[in-house]
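Chains as they are written, first to last, in our numbering: chain A, 94 to 536; chain B, 94 to 536; chain C, 94 to 536; chain D, 94 to 536.
I should point out that these hints are in silico values taken from the structure, not numbers from a laboratory.
Mixed in with the good hints, there may be bad ones.
To be verified - Taking lysine-lysine and the DSSO-like style, the derived pairs with C-alpha atoms no more than 27 angstroms apart in a straight line are:
1. D/K335 to C/K335
2. D/K335 to D/K274
3. B/K335 to C/K335
4. A/K335 to B/K335
5. A/K231 to A/K274
6. A/K187 to A/K130
7. D/K231 to D/K335
8. A/K335 to C/K335
9. B/K335 to D/K335
10. D/K335 to A/K335
Claimed, not checked - Chain C side only, calculated, beta carbon under 7 angstroms to chain A, not exhaustive:
11. F154
12. G155
13. T158
14. P162
15. F240
16. H241
17. R244
18. M246
19. G285
Unchecked claim - Covered by chain C, per the in silico footprint, the following chain A stretches (three or more residues, Cβ under 8 angstroms):
20. 152 to 164
21. 244 to 258
22. 435 to 449
Note that the Cβ used here is the ideal one computed from N, Cα and C, for glycine as well.
Number of protein chains: 4
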Amino acid sequence: MADFFTAVPEPIPFEGPDSDNPLAFRWYDRDRVVGDKTLAEHLRLAVCYWHSFNWPGNDVFGDGTFDRPWLDPSLDPMAAARTKMAAAFEFVEKLGVPFFSFHDHDMAPYGGSFAEERAALDALTDEALGHMERTGIKLLWGTARLFHHPRYMAGAATNPDPEVFARAAAQVANCLDVTHKLGGANYVMWGGREGYETLLNTDMSRELDQLGRFIHMVVEHKHTIGFEGTLLIEPKPQEPTKHQYDYDSATIYGFLERHDLVDEVKVNIEVNHATLSGHDFAHEIATAVGLGIFGSVDANRGDDRLGWDTDQFPNSVDSMAPAVYEIIRGGGFETGGFMFDTKLRRMSIDRTDLFHGHIGGIDTLARAFLVAHAMWEDRALESLRDDRYAGWSGAEGQAIMRGERSLDDLRDRVTAEDLDPAPVSGAQEALETLVNRYIERVR
Amino acid sequence: MADFFTAVPEPIPFEGPDSDNPLAFRWYDRDRVVGDKTLAEHLRLAVCYWHSFNWPGNDVFGDGTFDRPWLDPSLDPMAAARTKMAAAFEFVEKLGVPFFSFHDHDMAPYGGSFAEERAALDALTDEALGHMERTGIKLLWGTARLFHHPRYMAGAATNPDPEVFARAAAQVANCLDVTHKLGGANYVMWGGREGYETLLNTDMSRELDQLGRFIHMVVEHKHTIGFEGTLLIEPKPQEPTKHQYDYDSATIYGFLERHDLVDEVKVNIEVNHATLSGHDFAHEIATAVGLGIFGSVDANRGDDRLGWDTDQFPNSVDSMAPAVYEIIRGGGFETGGFMFDTKLRRMSIDRTDLFHGHIGGIDTLARAFLVAHAMWEDRALESLRDDRYAGWSGAEGQAIMRGERSLDDLRDRVTAEDLDPAPVSGAQEALETLVNRYIERVR
Amino acid sequence: MADFFTAVPEPIPFEGPDSDNPLAFRWYDRDRVVGDKTLAEHLRLAVCYWHSFNWPGNDVFGDGTFDRPWLDPSLDPMAAARTKMAAAFEFVEKLGVPFFSFHDHDMAPYGGSFAEERAALDALTDEALGHMERTGIKLLWGTARLFHHPRYMAGAATNPDPEVFARAAAQVANCLDVTHKLGGANYVMWGGREGYETLLNTDMSRELDQLGRFIHMVVEHKHTIGFEGTLLIEPKPQEPTKHQYDYDSATIYGFLERHDLVDEVKVNIEVNHATLSGHDFAHEIATAVGLGIFGSVDANRGDDRLGWDTDQFPNSVDSMAPAVYEIIRGGGFETGGFMFDTKLRRMSIDRTDLFHGHIGGIDTLARAFLVAHAMWEDRALESLRDDRYAGWSGAEGQAIMRGERSLDDLRDRVTAEDLDPAPVSGAQEALETLVNRYIERVR
Amino acid sequence: MADFFTAVPEPIPFEGPDSDNPLAFRWYDRDRVVGDKTLAEHLRLAVCYWHSFNWPGNDVFGDGTFDRPWLDPSLDPMAAARTKMAAAFEFVEKLGVPFFSFHDHDMAPYGGSFAEERAALDALTDEALGHMERTGIKLLWGTARLFHHPRYMAGAATNPDPEVFARAAAQVANCLDVTHKLGGANYVMWGGREGYETLLNTDMSRELDQLGRFIHMVVEHKHTIGFEGTLLIEPKPQEPTKHQYDYDSATIYGFLERHDLVDEVKVNIEVNHATLSGHDFAHEIATAVGLGIFGSVDANRGDDRLGWDTDQFPNSVDSMAPAVYEIIRGGGFETGGFMFDTKLRRMSIDRTDLFHGHIGGIDTLARAFLVAHAMWEDRALESLRDDRYAGWSGAEGQAIMRGERSLDDLRDRVTAEDLDPAPVSGAQEALETLVNRYIERVR
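Sequences are here, hints too, so could you generate the full structure?
Structure (structure tokens):
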């Protein structure tokens with residue numbers, strides 16, 4: 094089959110920071126060893142199937158602008174799906190990243206009975222397996238598209254109709270099976286419309302119980318089929334629904350606790366979803382790490398002036414480095430990775446723009462990683478943090494945390510000593526400059 | 094002692110909807126029986142000490158504008174505190190609401206040793222007890238001011254210094270003791286600066302563990318002294334810190350689960366804090382009710398265009414009725430109530446403005462309650478909701494929820510029946526109009 | 094042709110506030126005389142063609158859900174357009190409002206050469222003329238869809254390519270001609286993509302000059318053809334582009350001043366666009382009225398927690414009354430009116446939901462109008478406002494405003510008199526309660 | 094007088110990018126020639142008096158935390174003001190920036206009659222003159238504090254009481270006189286409370302006319318006294334008032350046009366005010382440059398998750414470089430400069446933190462300038478921009494812009510040629526990566 098990205102005939106090379114070649118990496122030297130692993134092993138980069146290959150560049154106010162010939166509805170669906178897949182694997186291979194991710198219905202067309210849709214999915218994932226074997230590209234995660242079809246307009250697992258729940262369950266069973274077949278490292282649940290438009294017609298508690306039940310069924314199925322990847326929920330606060338139940342990492346943690354799922358499910362944090370929920374990306378990482386549910390990352394950012402999901406390519410090391418630092422501080426990825434759930438701007442209509450977006454984003458992540466890793470190795474922030482909390486390593490601090498002090502004990506001590514500790518500078522500005530020093534010096 | 098609010102010589106009367114008297118209630122007929130209780134018993138209204146009596150009307154850009162003579166720093170602190178208290182009880186009595194709420198250091202001055210501050214607090218709460226006995230006014234809740242003094246600039250329970258933790262613990266011990274003495278129905282913990290300014294100097298997990306320990310100590314102390322009121326945490330997403338740990342009800346639920354505190358602590362939801370966290374007030378109520386942690390309410394609203402806590406008096410039944418409906422749907426208040434944690438606008442400098450704000454706010458709550466109660470009694474929304482979820486009462490729906498169906502079971506059924514349920518209208522616009530009908534007709 | 098909305102066989106009647114019939118007006122009694130005009134004459138209500146008849150209910154995350162058979166792409170485009178038109182006029186006639194509004198390409202299909210598209214537009218607007226004559230329905234405004242086709246992805250008038258500008262000019266010439274033919278009361282320019290995604294590739298000053306030139310050409314064309322309606326620009330701050338040039342009314346005023354267009358162009362203010370730009374709807378009205386550029390209104394509201402254009406039906410008199418008050422205070426509509434640029438929620442899939450949304454919205458506007466008109470007639474707010482600014486009617490105040498005082502003059506006076514005026518209460522809470530009294534009592 | 098900042102005994106040196114000394118500049122090499130000027134001449138850096146020396150570190154929820162002994166209210170006001178001034182000039186001199194800025198009442202105390210306040214201001218500005226002569230430090234701008242005193246609670250120029258207007262006029266006369274005496278390069282008007290809390294009590298048009306009159310008086314006074322600095326208005330959208338009239342640059346432009354002030358007044362853009370108004374800082378710069386009203390900059394940033402003015406030190410070159418680029422593209426500063434209207438975080442309580450904040454911020458600006466200047470010199474963005482708009486240099490493009498084409502002309506051409514131009518990629522992702530290359534390579 095002929096190449097689609099003919100303007101990029103060869104794999105994207107690493108040429109180092111001094112290169113002016115826009116179709117080369119300046120920072121992502123995949124085999125560079127940093128600490129105990131290569132950059133490729135640390136970052137575990139993935140390209141997404143949907144926005145990059147299955148989205149025509151439409152928005153609410155306009156039709157698609159992109160050159161994606163396989164989306165022509167007059168084509169034979171299965172042939173078009175195979176053309177799309179060939180282009181997708183060509184892209185990932187030329188880009189040189191180890192992983193891809195997919196939705197069932199981005200890879201396989203709608204149409205016919207449920208059984209026929211399953212057959213199409215089987216055929217196309219078999220074809221994908223061939224591409225994977227040929228290229229060495231692996232699957233970071235699969236996921237079911239439970240939000241696009243009108244039947245899911247009121248949610249999938251949280252639908253008021255148990256038959257929709259059943260249909261969604263069947264679809265997830267299929268999608269988890271093929272994710273397992275493709276050796277996926279994770280399986281992601283994004284609650285596309287698991288939420289509500291108005292409380293006036295919604296029984297939120299009931300719907301959350303349905304969601305708990307649904308996820309338990311997914312967990313059971315995973316174990317039944319022997320899938321060893323990680324199950325992930327992707328937080329998002331709103332859009333498309335007014336309120337999505339998987340609002341942010343802290344909300345999901347409470348949900349998992351309530352439904353005894355904490356040991357079975359982690360989170361896939363998206364930069365743009367984090368900021369839409371009012372949190373810095375770094376905060377969401379630190380929260381998930383602290384609660385033991387950090388899993389994976391969608392690296393696409395938002396625009397800080399806009400109130401919807403713009404899904405832009407990351408391009409600021411200043412913004413990304415503090416979040417990558419929290420990942421490293423938490424021990425790095427296990428089965429997760431950095432996935433590009435990114436959308437090209439609707440005006441970026443050249444085929445090559447898909448390379449520009451990914452190269453710029455990958456170099457941003459690579460550079461942010463090098464910055465954060467150096468800060469971590471030097472214990473530059475950690476030694477100051479240790480000093481700041483040093484009192485808690487003292488006898489009294491430890492006694493308090495062991496539960497050996499009551500309010501009365503502490504009141505007695507405060508009264509006796511008239512204890513009034515002097516505050517200590519938080520040094521925020523100095524710390525911000527310290528981080529900048531690492532950013533400036535990275536090589 | 095002479096009256097302070099001399100322009101309002103008598104208690105505010107109820108005069109009914111046709112009254113033009115701005116110093117009368119048009120809706121809050123406290124003895125009106127609605128369902129099984131009076132309006133006063135349903136609403137459990139409370140006035141706050143701090144914004145209404147201890148705040149001079151300053152903001153970040155300007156000095157105080159209000160006529161609060163007891164705040165003159167040249168006065169003797171204890172005498173000034175007694176004058177303030179007399180005015181406060183005069184106000185609550187004339188307004189005719191059953192409850193007040195206080196911070197320790199709004200009632201009692203700073204100054205001297207810890208023991209001396211305790212003595213001042215004891216003396217002034219004894220004086221308050223006298224006012225309470227004289228007037229019949231009760232205490233909805235007390236709370237400790239753990240955010241104002243520079244020693245708490247980096248948090249109280251979550252401070253990097255265990256000695257600050259100890260000081261805070263001692264202060265809470267005192268405050269809980271006097272709340273108990275005054276027969277408080279609840280005790281509130283608002284984590285004024287329990288949060289962070291920057292992750293660069295913060296160990297969030299450690300700080301959250303400290304907070305968990307602190308609250309356990311408060312629970313233990315409550316039981317030790319025999320306080321039977323409810324312990325409440327008040328969610329707020331940010332301000333004064335960049336990120337407050339008690340972000341919203343869902344976040345607090347997860348925290349309580351993690352620290353085995355779900356049975357001991359509930360939430361005190363503020364309208365303005367809800368909206369700052371990205372949630373409608375009704376959503377926060379429904380979330381807390383659904384998770385079993387709904388406790389009490391601060392009724393002050395924000396401005397939907399502004400990004401900070403404006404603490405305005407509620408004045409829209411359209412906005413308030415859906416949230417009050419969720420309270421009624423959840424069974425109403427137990428120990429909680431509607432507290433006015435409201436700030437007059439800085440330009441509302443007449444003494445009488447404090448009455449105008451409260452009367453308008455109380456009538457808004459009373460009218461919203463009547464609307465919501467009528468909707469509930471008529472089952473206007475509930476019968477439609479029952480219809481919408483009726484499928485879940487069927488055999489299959491119940492089997493799913495009892496855990497008797499696996500993904501495979503449901504897939505088999507979907508495949509066999511080619512199950513593809515038709516979606517049903519959510520009818521949001523019709524429901525919104527239905528609610529309006531109740532709002533229009535309330536009498 | 095058979096009716097489409099068969100569940101609503103008759104025109105929607107007015108039944109008054111006590112009616113429980115959801116398919117009746119409770120407040121919109123079109124012939125009720127209020128002041129010097131009927132309610133119909135005051136409100137000048139209009140239904141939009143696009144969201145109500147040409148939108149399938151899709152969003153960024155999902156396909157259309159609505160029952161709009163004429164949108165089937167396998168139909169003959171002209172026949173489908175005629176079916177759509179018949180349904181639209183059936184709806185407007187049954188709803189009983191006097192106006193509709195349209196985009197060229199919602200009424201007429203794309204396809205073929207520019208001349209062929211013109212011919213289709215001519216044919217279909219001729220057909221519309223027939224419907225208008227038959228039913229008495231009039232055109233509030235027409236507008237050209239300059240944002241949907243990929244050719245306009247980088248703007249129409251502000252496109253970097255003058256050929257796109259030319260194509261847009263040609264399209265607007267056509268659309269203005271047919272708007273004139275249909276007797277439109279106004280012509281609206283919404284700068285769908287007149288804005289930018291990134292400054293990195295944008296020459297903002299140049300683009301704004303292009304826009305100024307474009308609008309001058311539209312003004313000239315209007316006069317050439319003798320169109321006597323009002324030209325309107327519709328402000329919107331962002332979406333679809335990151336930054337739209339017609340950000341808000343104040344921005345447009347400056348643009349019109351800069352390009353000598355103030356006497357020729359007014360604004361069409363949308364509630365949801367106002368709030369997205371950080372302004373209350375009432376503020377945008379008051380701004381436009383004060384600057385002399387108030388024209389018309391799109392009545393659809395947003396959701397105060399969401400950062401995108403939700404285009405919901407208005408349903409809160411509390412929110413709407415203060416804005417309608419500003420319209421009345423400014424003298425009411427001349428050629429403008431209240432247009433429903435509203436979108437049903439994607440789950441409102443019954444054909445009847447389109448009636449529910451409009452009836453609820455229209456009753457909200459009617460009731461808000463009655464409230465605001467009563468406040469205006471009573472001079473309830475105006476007399477207090479007059480008092481507040483009374484000083485400016487004094488000799489000194491007038492001398493200052495006539496330019497007869499310099500800084501030195503005023504300094505001399507302040508120094509001589511040691512002038513230090515006492516502040517006066519702004520009475521905001523009392524005023525808010527006063528407004529509520531009008532809302533409660535409207536009949 | 095003894096030094097206050099004893100931990101910084103010497104001026105801050107420039108040590109270059111490799112220095113680890115936190116009390117040295119790594120990028121701000123003031124004498125480095127870039128293009129035609131030194132860095133110091135390009136950046137024109139200024140320290141502010143108020144937040145840095147007159148603010149105790151209080152916020153709405155807590156008392157001051159900073160070590161500013163001169164703010165002790167028990168001190169003699171004039172002596173305290175002199176101590177404060179000595180510390181301020183010590184700081185600016187040690188920091189090594191050329192300018193400072195001041196509010197009248199940050200430098201001179203309140204108290205006594207208007208004449209006495211004037212005398213205090215004269216005495217202290219005389220003292221400042223001595224410091225300026227001694228150190229060579231110059232005044233970037235002065236401004237009057239018209240928002241802090243309760244008399245201005247309802248605005249200064251826009252107050253409903255003309256006597257407040259008069260008092261404000263007198264104060265500005267004084268402040269402009271002393272700014273002139275100190276050789277100020279500009280005079281700034283920040284409309285602290287020129288706005289409203291509620292439209293219910295506000296006559297917006299009248300207030301805006303008052304503001305127009307006021308500024309005309311300032312212009313006249315400027316010319317009367319021979320002040321040759323630039324008059325600047327500082328946009329801010331809200332806070333402290335709900336709506337500030339000087340919302341953003343585009344709004345101010347319209348206001349200036351309406352009141353014939355465009356030739357006399359420019360804008361002083363603050364980063365944090367820009368983002369609060371929904372605009373990127375770069376957008377506000379580009380807007381003001383395009384409209385011919387760009388004057389000066391307050392360099393302090395906000396927090397993209399927070400809805401109030403946090404006034405943080407700039408610390409991201411990624412964020413700042415695109416805005417500095419727009420300044421350079423517009424020709425750079427004339428009388429304006431980069432002013433640090435910054436607030437230390439309330440926890441940054443060490444005296445040295447004031448240096449850390451400024452050094453980090455200054456190095457961020459210096460580095461951003463070097464990046465932006467290199468991009469400008471290389472015409473890296475400009476050559477691409479020229480290509481993108483090349484069509485407008487053609488005959489047809491120029492004819493359109495000269496007003497030689499009507500809608501009819503263009504329609505004829507489009508019809509005749511069936512003109513349907515193909516869209517061209519906007520290349521946003523590639524451009525963002527191009528900018529990053531400049532950021533990475535700056536030295």
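Cross-check of the supplied hints:
About 25 angstroms separates the Cα atoms of D/K335 and C/K335, which keeps this hinted pair within 27 angstroms; it holds. Distance hint between D/K335 and D/K274 is unfulfilled; the C-alpha atoms sit about 36 angstroms from each other, more than 27 angstroms. At roughly 26 angstroms between alpha-carbon atoms, B/K335 and C/K335 fall within 27 angstroms of each other, so this suggested pair holds. Restraint check for A/K335 and B/K335: the C-alpha separation of about 25 angstroms stays at or below 27 angstroms, so the hint holds.
For the hint linking A/K231 to A/K274, the alpha-carbon distance of about 12 angstroms falls within 27 angstroms, and the restraint holds. Straight-line distance between C-alpha atoms of A/K187 and A/K130 comes to about 23 angstroms, which keeps the hinted pair within the 27 angstroms bound. Among the hinted pairs, D/K231 with D/K335 is inconsistent with the structure: their alpha-carbon atoms are about 35 angstroms apart, more than 27 angstroms. Of the supplied pair hints, the one linking A/K335 and C/K335 holds, its CA atoms being roughly 21 angstroms apart against a limit of 27 angstroms.
For the hint pairing B/K335 with D/K335, the CA-to-CA distance comes to about 21 angstroms; that is within 27 angstroms, so the pair holds. A distance of roughly 26 angstroms separates the Cα atoms of D/K335 and A/K335; the hinted pair therefore holds under the 27 angstroms criterion. The beta carbon of C/F154 comes within 4 angstroms of a beta carbon in chain A, closer than 7 angstroms, and the hint placing it at the interface holds. Restraint check, C/G155 versus chain A: the minimum CB separation of about 5 angstroms is within 7 angstroms; hint holds.
A hinted interface residue such as C/T158 counts as satisfied when its beta carbon comes closer than 7 angstroms to some beta carbon of chain A; here the least separation is about 4 angstroms, so the hint holds. Because the smallest distance between the Cβ of C/P162 and any Cβ of chain A comes to about 15 angstroms, over 7 angstroms, the interface hint for this residue is violated. The criterion of a C-beta within 7 angstroms of any C-beta in chain A is met by C/F240, whose closest approach is roughly 5 angstroms, and the hint holds. At its closest, the beta carbon of C/H241 sits 5 angstroms from a beta carbon of chain A; the interface hint therefore holds under the 7 angstroms criterion.
The closest approach between the C-beta of C/R244 and any C-beta of chain A is roughly 9 angstroms, which is over the 7 angstroms cut-off, so the hint fails. Look at C/M246: its Cβ gets to within about 5 angstroms of chain A, closer than 7 angstroms, so that hint holds up. Evaluation of the C/G285 hint against chain A yields a held restraint, the C-beta minimum of about 6 angstroms falling below 7 angstroms. Given a C-beta distance limit of less than 8 angstroms, the hint that chain C covers the stretch 152 to 164 of chain A holds, as 7 residues qualify and 3 suffice.
For the stretch 244 to 258 of chain A, the stated coverage by chain C holds: 3 residues have a C-beta nearer than 8 angstroms to a C-beta of that chain, and at least 3 were required. Check on the stretch 435 to 449 of chain A: 4 of its residues sit with their Cβ under 8 angstroms from a Cβ of chain C, so the three-residue criterion for coverage holds.
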